[in-house]
Amino acid sequence: MRVARGTLLRNLAGSIGIVCTVAGLAVGLPLLDEALPATRPVDPGPYAVGGGVTVTPPPGSRVDVTLTRPGETRGTAVFLVGSVRYVIVVTPFTGSLDSAAERLRRKITAVRGHELTGKEFPVTTATGLSGLQGAYAAPGRGGRYLVFRGGEVAVEVTVAGADPQLRAALAAIETSTGTLTLSGAA
Amino acid sequence: MTATVPRSARTAPVHPTPAWARAEKSLLLPAFWVVLVLTALGAVRVGLFVKASFAAYPVATLTAIVLFALYAVPFWFFVAALDYLEREPPLLLATAFAWGGLVATSISIRGNAAVHNLLAKVTSPGLAADWGSALAGPTVEEIAKALGILAIVLVARAQVNSVLDGVVYGSLVGLGFQVVEDVIYAVNAVAIAGRGDQVTPVVATFLLRGFLAGLWSHTLFGALAGAGIGYLAVRTDRSWFSRIGVAVLSVLGAMVIHFVWNSPLLTLGGGAGIFVDLFWKGVPPLLLILLLVRGVRHREADYYIAQLASLGDRRIATADELRILAHGHLRASARRYAHGRAGVRGRRAVRRLQHAQARLAVELSRGAPPPSTPAPAPVGGAGVAVGVAHPPPADVAPVPAGGLSRAPILGGPTAVRWRDRVLVERARLLALGHPEATAPPARDGTIRRWLAGIALFFAAMLAVGMALLALGAS
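The listed protein sequences correspond, in order, to chains A and B. All residue numbers for the first sequence refer to the numbering used here, where the first residue is 1 and numbers rise by one. All residue numbers for the second sequence refer to the numbering used here, where the first residue is 1 and numbers rise by one.
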């Protein structure tokens, strides 16, 4: 059982072509992606998160454009305040504030090593959105979470970073969360 | 005298698998090992995802896998049956499916994310959110799937005999991709819902992506790309420029359809709008590709039917049986007709006869030059013998004068076996008093049946949509 030399060479060339294209798509594109910075400075003023929600990010923060996804009915914004991650997620939601908080708590504790700490307490933004705030911890990191309900959406906010950096950034972030606005919300 | 040139030879020639072709030879080809290694790597990656999903959401993950595996079964049979006359080897069909489900998805997970990110970095997150799927999906996914069809051609060139074979392999690559992608979407929906190990998001994903969006998804795109790559493989009478051009155009066509499907263009969105989107974006390409598949099927059927016709032996196939064998709906009609006249045994005998006739046609093609005259066999003609002539059973039609023993011999031992099988089934039909596997003439009411089918289809879609609304899918 033999294969003609010409057939073998053509087959080898085709195989190399397939491997190169696979490598280009699965390795080359991600390498090109990594070569470009993922964050950029945020313009001052309100930032549209999605689902009709806007927020004024902390001064000097940067937005991670690869994780930020604004949309008509939902959206995600990921800011970096120094090394602290400040994430706002807007999703369509018609349940109560308590059920929205339960959902967020479940998402947080679903991550290995994350656990809730302390008690939840009510918060209200400058624009009148009412919500709940709590804290969580992960190995070497601390976190805060907030959840708001308004209109047809739930707004989930998580803030995470190493303890010293988190403490330093928290005031600016709390000021920022106070600016969360839902267009059309009472 | 163009009438003597078969339609298949003019526009879609068939290159039968040569009698000397051996599957084991593929082991000597670099492409075989490339496919093996890439499939193994893809299996590891998809396996890791499934393992992590099981750890987090065991019930939802199992439900997603079971639902979409069941969903794949009718698609698989439909696609595999497209080429009734010349069935593809099951191992190659499985390879195509595995490439789509394991390799193409693994490539696409990384490639899509990179294209999304690059778009966001170069333009804005808003543009990436709106157009990311429209740009990443068609480019990365269609190329990853097309590579699978090319790999099949490289591994088993002798098995890609016609444009229709390209369609079959392309569809199965697309189906594998569609099924695994849908499982991933279903598990992600569970995670996004944030309500723990719930099956509701899985069911909603199944209804949305399986039914409302499933008919005009990756299987369809794969079929189009496969047609072009099949053309590249079989149209050896054309220039390389022409063959590569058609293959590239077909992959680009799949990309364009995928782009329109994913893009926010012409999208009403939400509620009833999603139905309009589905039909507006989905039905035209579905019809276009179904027409294309119909054309290449008929052309391939012409070729194989001509093989049987060239025997000129009405015990092998009558003129009416040749007509019926070329069309799936007529074959089914003939089986129903036999059921009505001779019960279950009649139906089975017709099914076996049709299968044996198809296999015989393929075996004849492997051992003979293409026939120059595709005309149906004359009734009672002397004909051409298949393999070594055996005396026919006593209860079948009489041997024509000067028949088998003086005719040229075609085909090898396998052809002889299938010829004998045909004769056995013919004898069985004669004994049942239903000598010919024919179908009754088409009755009136075809349009009515079509309209009823379309109405049923829309009603089913509406029911799925209502179920989705009831599940609270957004």
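Think of the hints as simulated: they come from the structure by calculation, not from any bench. We put the CB at the ideal spot given by N, CA and C, even for glycine. Hints may be right or wrong, so weigh each one.
[Stated by the list, open to error] Covered stretches of chain B (in silico footprint by chain A; criterion: 3 or more residues with CB under 8 Å from a CB of chain A, positions within the stretch not fixed): (1) 116-122; (2) 176-190; (3) 288-298.
[Said to hold, decoys possible] Partial list, computed: chain A residues near chain B (C-beta under 8 Å): (4) T21; (5) P30; (6) L36; (7) R85; (8) T109; (9) E115; (10) L116; (11) K119; (12) L132.
[Stated by the list, open to error] Straight line, CA to CA, 30 Å or less: simulated DSSO-like cross-link-like pairs of lysine-lysine: (13) K107(A) / K121(B); (14) K25(B) / K107(A); (15) K119(A) / K107(A).
Against the structure shown, which of the earlier numbered hints fail to hold, in ascending order?
-> 2, 3, 7, 8, 9, 10, 11, 12, 14
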